[in-house]
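J.: Read off the chains here:
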Amino acid sequence: MARAITPRKKIMWTALAWGIGLLIFFPIMWTFLTSFKSEATAISDPPVWFIFDWTTENYSAVLARSNYPLALTNSIVIAVGSTLLGILIAVPAAWAMAFVPGKRTKDVLLWMLSTKMLPAVGVLYPLVLIAKYFGVMDSRILLVVILMLINLPIIVWMLYTYFREIPGEILEAARMDGASLKNEIIYVLTPMAVPGIASTILLNIILAWNEAFWTILLTTVNAAPLTKFIASFSAPEGLFYAKLSAASIMAIAPILIMGWFSQKQLVRGLTFGAVK
Amino acid sequence: MATEHSKSSARIMIAPAVFVLLVWMLVPLCMTLYFSFADYRPLRATFDAWIGFDNYVSFLTSSSFLSSVVTTLQMVAGILVITIGGGVMLALLLDQPMFGQGIVRILVIGPFFVMPTVSALVWKNMFFNVDNGLFSYLFKFFGAQPYDFLSQAPLLSIIVIVAWQWLPFATLILLTAVQSLSSEQIEAAEMDGASPLSRFWHIILPHLSRAITVVILIQTIFLLSIFAEIFVTTNGAFGTRTLTYLVYQRVLESQNIGLGSAGGIIAVILANIVAIFLMRIVGKNLDN
Amino acid sequence: MGRITLDKVQKKFGDVEVIPPLDLTVEDGEFVVFVGPSGCGKSTLLRLIAGLEDVTGGEIRIDGKPATDLPPAKRGLAMVFQSYALYPHMSVRKNIAFPMKMAGMDKAEQDRRIAKAAEALNLTDYLDRRPGQLSGGQRQRVAIGRAIVREPAAFLFDEPLSNLDAALRVGMRLEISELHKRLDTTMIYVTHDQVEAMTMADKIVVLRAGHIEQVGSPLELYHAPRNTFVAGFIGSPKMNLMGGEAAKRHDAATIGIRPEHLDVVDGGGTFIGKVGVSEHLGSDTFFHVHIPEMGEPMTVRAGGEVGLRHGDTIHLTPQADKIHRFDEKGLRIE
Numbered sequence: 001m002a003r004a005i006t007p008r009k010k011i012m013w014t015a016l017a018w019g020i021g022l023l024i025f026f027p028i029m030w031t032f033l034t035s036f037k038s039e040a041t042a043i044s045d046p047p048v049w050f051i052f053d054w055t056t057e058n059y060s061a062v063l064a065r066s067n068y069p070l071a072l073t074n075s076i077v078i079a080v081g082s083t084l085l086g087i088l089i090a091v092p093a094a095w096a097m098a099f100v101p102g103k104r105t106k107d108v109l110l111w112m113l114s115t116k117m118l119p120a121v122g123v124l125y126p127l128v129l130i131a132k133y134f135g136v137m138d139s140r141i142l143l144v145v146i147l148m149l150i151n152l153p154i155i156v157w158m159l160y161t162y163f164r165e166i167p168g169e170i171l172e173a174a175r176m177d178g179a180s181l182k183n184e185i186i187y188v189l190t191p192m193a194v195p196g197i198a199s200t201i202l203l204n205i206i207l208a209w210n211e212a213f214w215t216i217l218l219t220t221v222n223a224a225p226l227t228k229f230i231a232s233f234s235a236p237e238g239l240f241y242a243k244l245s246a247a248s249i250m251a252i253a254p255i256l257i258m259g260w261f262s263q264k265q266l267v268r269g270l271t272f273g274a275v276k
Numbered sequence: 001m002a003t004e005h006s007k008s009s010a011r012i013m014i015a016p017a018v019f020v021l022l023v024w025m026l027v028p029l030c031m032t033l034y035f036s037f038a039d040y041r042p043l044r045a046t047f048d049a050w051i052g053f054d055n056y057v058s059f060l061t062s063s064s065f066l067s068s069v070v071t072t073l074q075m076v077a078g079i080l081v082i083t084i085g086g087g088v089m090l091a092l093l094l095d096q097p098m099f100g101q102g103i104v105r106i107l108v109i110g111p112f113f114v115m116p117t118v119s120a121l122v123w124k125n126m127f128f129n130v131d132n133g134l135f136s137y138l139f140k141f142f143g144a145q146p147y148d149f150l151s152q153a154p155l156l157s158i159i160v161i162v163a164w165q166w167l168p169f170a171t172l173i174l175l176t177a178v179q180s181l182s183s184e185q186i187e188a189a190e191m192d193g194a195s196p197l198s199r200f201w202h203i204i205l206p207h208l209s210r211a212i213t214v215v216i217l218i219q220t221i222f223l224l225s226i227f228a229e230i231f232v233t234t235n236g237a238f239g240t241r242t243l244t245y246l247v248y249q250r251v252l253e254s255q256n257i258g259l260g261s262a263g264g265i266i267a268v269i270l271a272n273i274v275a276i277f278l279m280r281i282v283g284k285n286l287d288n
Numbered sequence: 001m002g003r004i005t006l007d008k009v010q011k012k013f014g015d016v017e018v019i020p021p022l023d024l025t026v027e028d029g030e031f032v033v034f035v036g037p038s039g040c041g042k043s044t045l046l047r048l049i050a051g052l053e054d055v056t057g058g059e060i061r062i063d064g065k066p067a068t069d070l071p072p073a074k075r076g077l078a079m080v081f082q083s084y085a086l087y088p089h090m091s092v093r094k095n096i097a098f099p100m101k102m103a104g105m106d107k108a109e110q111d112r113r114i115a116k117a118a119e120a121l122n123l124t125d126y127l128d129r130r131p132g133q134l135s136g137g138q139r140q141r142v143a144i145g146r147a148i149v150r151e152p153a154a155f156l157f158d159e160p161l162s163n164l165d166a167a168l169r170v171g172m173r174l175e176i177s178e179l180h181k182r183l184d185t186t187m188i189y190v191t192h193d194q195v196e197a198m199t200m201a202d203k204i205v206v207l208r209a210g211h212i213e214q215v216g217s218p219l220e221l222y223h224a225p226r227n228t229f230v231a232g233f234i235g236s237p238k239m240n241l242m243g244g245e246a247a248k249r250h251d252a253a254t255i256g257i258r259p260e261h262l263d264v265v266d267g268g269g270t271f272i273g274k275v276g277v278s279e280h281l282g283s284d285t286f287f288h289v290h291i292p293e294m295g296e297p298m299t300v301r302a303g304g305e306v307g308l309r310h311g312d313t314i315h316l317t318p319q320a321d322k323i324h325r326f327d328e329k330g331l332r333i334e
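Chains as they are written, first to last, in the UniProt record's numbering: chain A, 1 to 276; chain B, 1 to 288; chain C, 1 to 334.
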């Protein structure tokens, strides 16, 4: 648009947007600040903002609690494991649907999505039974498999939309150029598909990391990830705001950073292509 | 577009994904369906494989079912109103010329990436707590009596927490939609003499209607199964027991599997009604 | 060498027969254009030759050897796609080198051929750029470069100019013709644009609904279209086709007269009508003439500058030996 924007208007919009932005972000900011306070400062009246004795003792205290490192490891194993397993199953499927679409491709895709709409409580008890039957209650493998299954429709869907953007003529060109299927995959397909696969992995690690139904209900100690670990703070023992904040920041920081990188994929991944 | 050979290999490539999802959907769901017709209470060692529709009848006629449906509807509606209303305004705001737009976007999107247990606990303790929460300081600062949010207005408190988490999602999607509106359309409306308000009403809002529908449907599906936020704040007490939570309590807390399974099937049916509408929209979009 | 023979080649998609059994021979070194309206099966036919689609029946032979069941890579053909289909993540150099790399050619020979192709196609300065940084015409040249370095038995072009603007299209048309003269290799070229067909082809294959309507040199098609479809499709502006009384006078169901074969006369004449829209191109003037007894306006090509205006009465006489006659099945009457 070739319209003149007056500096005054721009400054006004800037002030308004920053104000609202900071307000929305405030709880995260406040948690961050509190995590560096002593427990006494954390509940001081009136609240203190930036000027206090910054301390990292809360972080060391949380880290020293024996189950934090375990919860962190569990979160990483479950989020990354379920995503990679999902990718392994989804890449061939999405690839085939994007490049060799048949009459039923659309139905299959929609059906896959519909499994995502299944409310978890509807299958809660059978899952508990099955897990107990196989002796995998409170195990990482159980959560890797379950989170893979609940996110598989999204993974297939995202990959499908990315793959569909790769023009079929390019793959035909490679075939005409004498590339075998193997070379077609190595030299043409993979380099073009990698960005889409990477975004898909990123978004799904975030979703799996934050999943808080199955992770809470199917774990006790051994496989409990950060969601469950943090939930254990819901029964407070005395002064604990600063430690809660420190634990919270450690639980959300990596994902917050990944999330900011995957803003665009978020829209694509969670609206199933219905909004462009 | 393809040769016979590639078609058959395509089927083999799709098979694993279809297979695992089929098993995932059918096996547990059939088990739930089976239990829903049984009197199954493991703690009392009761198992009667067929009692007809008794579970459905007692689940549907119990007062807790009706109140849980009301609670669920209030919660979902409250969150939708806040996120859609706020989302539209934020999207329009973020579309304006400003300095540091990227940073504001990052600030606004932040809450979506906070895990539900963390946001629930942070809000519960550091904001809503009647003794040490920030809101209490704020009330005192203005000379008002501190208010115990989670026991006085538990439903509203949970709505605030969840709306805070989902506002970024609505904003992001609506912003994408706002940005896809061609500036020529707006300029044409301006040439036709439309005021900013009527431009919003006649051009922008209709353009957003599709995105709003999608946001409503997707959020509804996710919001119907809100769990962690209730689990760590009120544990279902004080009228915050949603349908999901009620089923969870029947199944895992009171271990009345039959009754809980009937509730689970009802939850599945209700969610499917919403899902059908969403599928229609997504399906239509697949065609073009 | 590149002699391609199609023997009763047939293609069905499910139950739909896109190409009924069809015979065609493309001689070595020939420039053959498949032309027809969209949906006529011309691209499918090309893709069958390329091996990108399986034939349902019949046989394809390249230089006498059966190629029906060979995968595309083994047929020794090169193809230039409508979208150019360049590999976006590779530089121009790597794009052009790709088929040679796949063939395991040694590096020195690759470099020599790349240099030669780049020189011929004016791409030397762009070898290290990505396709995304090139203009449409340059991308087109890269796609051609990628095809020629393989020294294929034949080139296949699938509507290669349809994404270019009008001016560039004329330039590229000349370049491709020039390339054909220089390489003397078989080329099969698909287009829906009859001007491209007329200007480039040694031999035109006119297709409709998968059927070959006529095969011949551009001038054969112009002078002796075998039926009313070819008559209406080849030539610009379109031939005037008319039935009724006018046709009966020539013992035909339909007669066709090209706009350039109608003379404007001062009085009398076979057709009398009113001038509608006139298009002045400077060198030519085209009149759309409304004749009362005919449904469609007739197009007339008059010389440079003719002083007739909208609404004026015009008298027309066809050149007697340039009238094409067709029977009730639409076939040419000699």
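No lab work stands behind these hints, which were simulated from the structure alone. Here the structure is a predicted model, which means the values were calculated and not measured. Worth double-checking, as some hints may not be accurate.
Below 20 Å or equal to it, Euclidean Cα-Cα: the simulated SDA-like pairs (lysine to any residue) are [unchecked claim]: (1) C:K94 <-> A:I170; (2) C:K65 <-> C:D23; (3) C:K274 <-> C:A252; (4) A:K103 <-> B:P146; (5) B:K140 <-> A:V48.
Which chain A residues stay away from chain B? Per the calculated CB distances, all over 12 Å, these [to be verified]: (6) D53; (7) T55; (8) Y59; (9) E211; (10) T227.
The beta-carbon is built from N, C-alpha and C at its ideal position, and this holds for glycine as well.
J.: Between K140 (chain B) and V48 (chain A), does the CA-CA distance stay at or below 20 Å?
T.: Answer holds: K140 (chain B) to V48 (chain A) is near 15 Å, not above 20 Å.
J.: Is the Cα-Cα distance between K65 (chain C) and D23 (chain C) 20 Å or less?
T.: Judged against 20 Å, a Cα distance of about 16 Å means the pair holds.
J.: Mind verifying the non-interface call on T227 (chain A)? Its CB should be farther than 12 Å from each CB in chain B.
T.: Violated: least Cβ distance 5 Å, not greater than 12 Å.
J.: For the pair supplied as a hint, K274 (chain C) and A252 (chain C), confirm whether the alpha-carbon distance does not exceed 20 Å.
T.: violated, 26 Å
J.: Please check whether the beta-carbon of T55 (chain A) is more than 12 Å away from every beta-carbon in chain B.
T.: holds, 18 Å
J.: Given the proposed pairing of K94 (chain C) with I170 (chain A), does the C-alpha separation stay at or below 20 Å?
T.: At roughly 14 Å apart (the allowed maximum being 20 Å), I170 (chain A) and K94 (chain C) satisfy the hint.
J.: Please verify that the nearest CB of chain B lies beyond 12 Å from D53 (chain A)'s CB.
T.: holds, 19 Å
J.: Grab the minimum beta-carbon distance between Y59 (chain A) and chain B and tell me whether it stays above 12 Å.
T.: Correct as stated: the minimum Cβ-Cβ distance to chain B is 15 Å, above 12 Å.
J.: K103 (chain A) and P146 (chain B) were given as a pair; does the straight-line alpha-carbon distance stay at or below 20 Å?
T.: violated, 63 Å
J.: If I take the minimum Cβ distance from E211 (chain A) to any residue of chain B, is it greater than 12 Å?
T.: violated, 8 Å
Violated hints, listed in ascending order, are 3, 4, 9, 10; each of the other numbered hints is respected by the structure.
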